[in-house]
Amino acid sequence: MEKGEKKRRLNVLEKINPFISSSVGDPGAKSYPHVESINKRSYDGLCRLIRQKALNPDLSAAGLVTGEVGEGKTHLLGRILEFCRLEHNAYAFAYIQPIEDPEQPYRYLLREMTTNLCRPIHTQSRVTFMEKLSAKIFANCLDSILSDSALPDRKKIRETLKKDPLVLFTELKLQQSKMLVQVEAVAPTMLRDSMLRLPEHFISVLLKCRHRHTFQAAMRWLKGNLVDADDQKLLGITCPFNLSLQASEQHARDLIEAFGEIMAFFGESAVICFDRLENLDDPQQVRALGKMVEFLVDSVKAVVPVACFRETAWEDRFKIQLNQHVVTRLETNRFYLQGCEPEQALELVTSRLKTLFGDDELFPFEKSKLLETFKAGGVQSPRRFITLANEMLNNILGMTPNTVSVADQIKAEYSRQLENVIADINRLEPDRNRLRRAMLLYIESLPPSAPYRIREIKSLFQKDKYTDFMCRIVFPSKRSINAVFIIDTEDHHSSVSASLKRGIDFFKKFPDGRVFYIRDARCPFPDSSKWPETNKIRRQFESAGGKLLFFDRHQAAAWYALALLSYSIKEGDIMITDSYSSARPAKWDEFLAVIGEIIHTKGHQAFENFDDAMVDKNFTTDQSDMSPNDREILDRSVELLKASGGMMMLTGDRLIENLNKIGFQVNKDQVLSVLSFYQDRFEIITTKDDVIVLLKKDWLYAQC
Amino acid sequence: MDKSIVEVINQAVVKALRKEKNGYLNIKSLITGFPAELKKTLDFKQNIRAKDFTAKEALMRIGPHLDQTVLVYSKGNSIYLSLDSKDSMILRKLEQLKSFPTFKMLRKNVAPLLKDDFTQALNGLLLSGKVKCTFKGDNPILSLSEQISIQPSEPVDLIKDGPVNPDFETVDDPEFFQAALNSIGQGRRMVYIYMVRHHLNWSRERFDKLIRKLRAEYRIQLHGGDPSVMTEDQVRDSFMDERGVLHISVSWRG
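Chain order of the listed sequences is A and B. With the working numbering applied, the first sequence covers 904 to 1607. With the working numbering applied, the second sequence covers 644 to 897.
Take these hints with a grain of salt, some might be off.
[As the list claims (entries may be wrong)] Covered stretches of chain B, going by a simulated chain A footprint (3 or more residues, C-beta under 8 Å): (1) 671 to 678; (2) 830 to 837; (3) 864 to 877.
[Stated by the list, open to error] Once the Cα atoms are required to be at most 27 Å apart in a straight line, the calculated BS3-like pairs of lysine-lysine come out as: (4) A:K1272 / B:K852; (5) A:K943 / A:K910; (6) B:K699 / A:K1222; (7) A:K1411 / A:K1473; (8) A:K1412 / A:K1433; (9) B:K856 / A:K1272; (10) B:K718 / B:K747; (11) A:K1222 / B:K718.
If you're looking for bench data, these hints aren't it; they were derived computationally from the structure. Just so you know, these numbers come straight off a predicted model, no measurement behind them. Each residue gets a CB set at the ideal place from its N, CA and C atoms; glycine is no exception.
Isolated chain A (complex conformation) (with noise of 0.2 Å):
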């Protein structure tokens, strides 16, 4: 290679850095080629796993992949995604986040899968696995109305929907075509006469997914969501307007069936990936988990689970905690990942590099240095090979040793993970329980800065399915309160009225408390003359006190970020760096502290709107029930801040130190709680060793 060349790609490679990442988030974001030989094994085996039911809809199995963190667990199913996609018959694949809420496995299954099938197969085109069910159906059913047809365009449509029934979707003539409504009118009955098993508004609804101004009602519908009258009237149906825990679940349980029947039927089939199951804490959620592998390996057709473990997580303790047919069902298709041999690992590199540089070079590194520090670890994950390939490129780049803290790292990693989340938002469905997690991850981890404190948290969607959670909220006074938190996702309006009425039943129980009502913003609150009724509920729940917080995309999108970011990190996703020699995953506790001290302390939009719900600003500015020494604290901390110079500012130490001085023996975290509820005159600025107090100009002039 050429001196010149050289030069060039040593720039290129000091600006983009393909070892730079490890870890693949999500098994459908772009990432780095494929290495064929790695995991080869199991690759293949999922392959035919995948095939073979496609042939057999009936044939009842699973598949289980266990390796150990860093092995390629995501990232082979982000191949097998693209085996999905590039399959001649295109399988739907369908990735499930750790479900939160054991009381209903069916429905989050249902919601995910029906999330999934709506998303395009193809990145080129945007046709959905869900249109490719219906334009089978229209195609299906058309021969048999076109004798009865006497439209001049039948022959037409007939040739084109056989030769690529997707066109459906894509040519608009072919969309508005009368005949395509007469087949819409004769598909359910015709279908049910097939499947019988099939639910009453199953086909009809599947085919309102065609039109714009039904696509939003159908989708709740095949969500297992309550729809409410309007939707039913758009979609021609009638079904309860509420129903109990048990009955909804059945009813995602006939669905999640209908649609592996009518994929059966048209000899489609998907594959649903179980990921990220070490966020499973409760045996509960280990036990619902069992619950829908055991669904669809036993009762859905046309369908393969397959779930990944961390390998000792399985041994130890998920294996004791599932039903034995859970676990038979599953190791009977088990497959190991295999780490990486060195020389295989030569090949990660290249391929990382020929996305740069397009070609089979492995400059800068020399093979021979390579291969030599690659064999001193013997076999390894794939991981630990882009780790050291990363190390050794800084070395050749002359690069300084990182001096990122841990907390910017993990900060960093947020960052990247709410870019993905707003990048495609609709992939996350508004989801109730993720959002508790947020928040749940979000208020046990306030930093000492935090302008209130939460104490006694309290669950309570297990016993009330309308509210979430219960704390007090302890202000700078010592005065606290009870508050309860009910998060809603719901569509139909008498749920969302429930909810509501649930806020005003606790303020009759607790006059000075707090009720917050939160609400994705993706889910409607129709104004009065849609939900009259729902409507009046809201008025009274806000002049009795209660706080709405509606999250708009990008708000909703930093809530929905922290708890995957919290799901990778505790799948050990997330690596950082401590210094060149040391990377490893971040721990739960660094992450616990991101969350309290940096996204806290810098404020991101959705945590800033959230807290300033949470205070009040009466009692903040109340000092009536301050302890003596508190407001003594308060009041010399002003005076010393103000005496200390025009910025009006101290190191937390100097602070202590002079207070000391004038006779006060306390300590930081002492005065730092004080102090930090009273955001409206100091601001906390924490810094590598220590924090700066600075006494707000603004305030002081108020004062004057």
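On the provided structure of chain A, position chain B as indicated by the hints.
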């Protein structure tokens, strides 16, 4: 559960089993022989007698404190604990018995094994050539094969008790290591490194040197894991490589 209590009880059980000539102990005898404070920890009275509790009750109380090196054998109403696999138990007994036993005699001497398990394990040993069967008059008798009996002690025994000098490396170390993985793993591919270390009871230097050797020969693979669910001692007894990376479990590649 307090991790230190778990370790203390587990260590007490392992120590008692190592001392035991037969290599196994009836769980009730084990409990009654415990020092008073361990009994108290397990919620047993200080002067408890074997007839005061059932073997199942004892297992319910002690089970959560035991790691995977301790194996549980259940036979009728009795429960036995041992560090030996079924094969090791038979080999140990064959080595101990002064005369060559018949099938029935040997089975009688390996009390914890059910008849079917005993037969299955013995068939495996006969097929592998570790045990041979000859006739004395009309009776078939069993003995250790020469290959095994000429050695000062059979590999599985070495693993169990550890060599006389834990610093003394032998050419058979890889075999001992593999046998330890099989014995602890009980069908699992990945085994915790700290368990293998405890099981072999070698010097740290000897163990780590062998790990590095086997790793460089691609005969084993080291894996990461979650140290936060382990005790400090378990983390310390895992394996830290020369780059400061902690490896928690190991699998045999052959």
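Do the hints match the structure? See the list:
1. 671 to 678: Our answer is that it is violated, as 0 residues pass the Cβ test (under 8 Å) against chain A, missing three.
2. 830 to 837: holds (count 4)
3. 864 to 877: holds (count 7)
4. A:K1272 / B:K852: Status holds; Cα separation ~23 Å.
5. A:K943 / A:K910: violated (36 Å)
6. B:K699 / A:K1222: With Cα atoms ~22 Å apart, B:K699 and A:K1222 stay inside 27 Å; holds.
7. A:K1411 / A:K1473: violated (40 Å)
8. A:K1412 / A:K1433: The hint is violated at about 31 Å.
9. B:K856 / A:K1272: holds (20 Å)
10. B:K718 / B:K747: holds (17 Å)
11. A:K1222 / B:K718: At roughly 24 Å apart (the allowed maximum being 27 Å), B:K718 and A:K1222 satisfy the hint.
This entry does not satisfy hints 1, 5, 7 and 8, going by the numbered hints stated previously.
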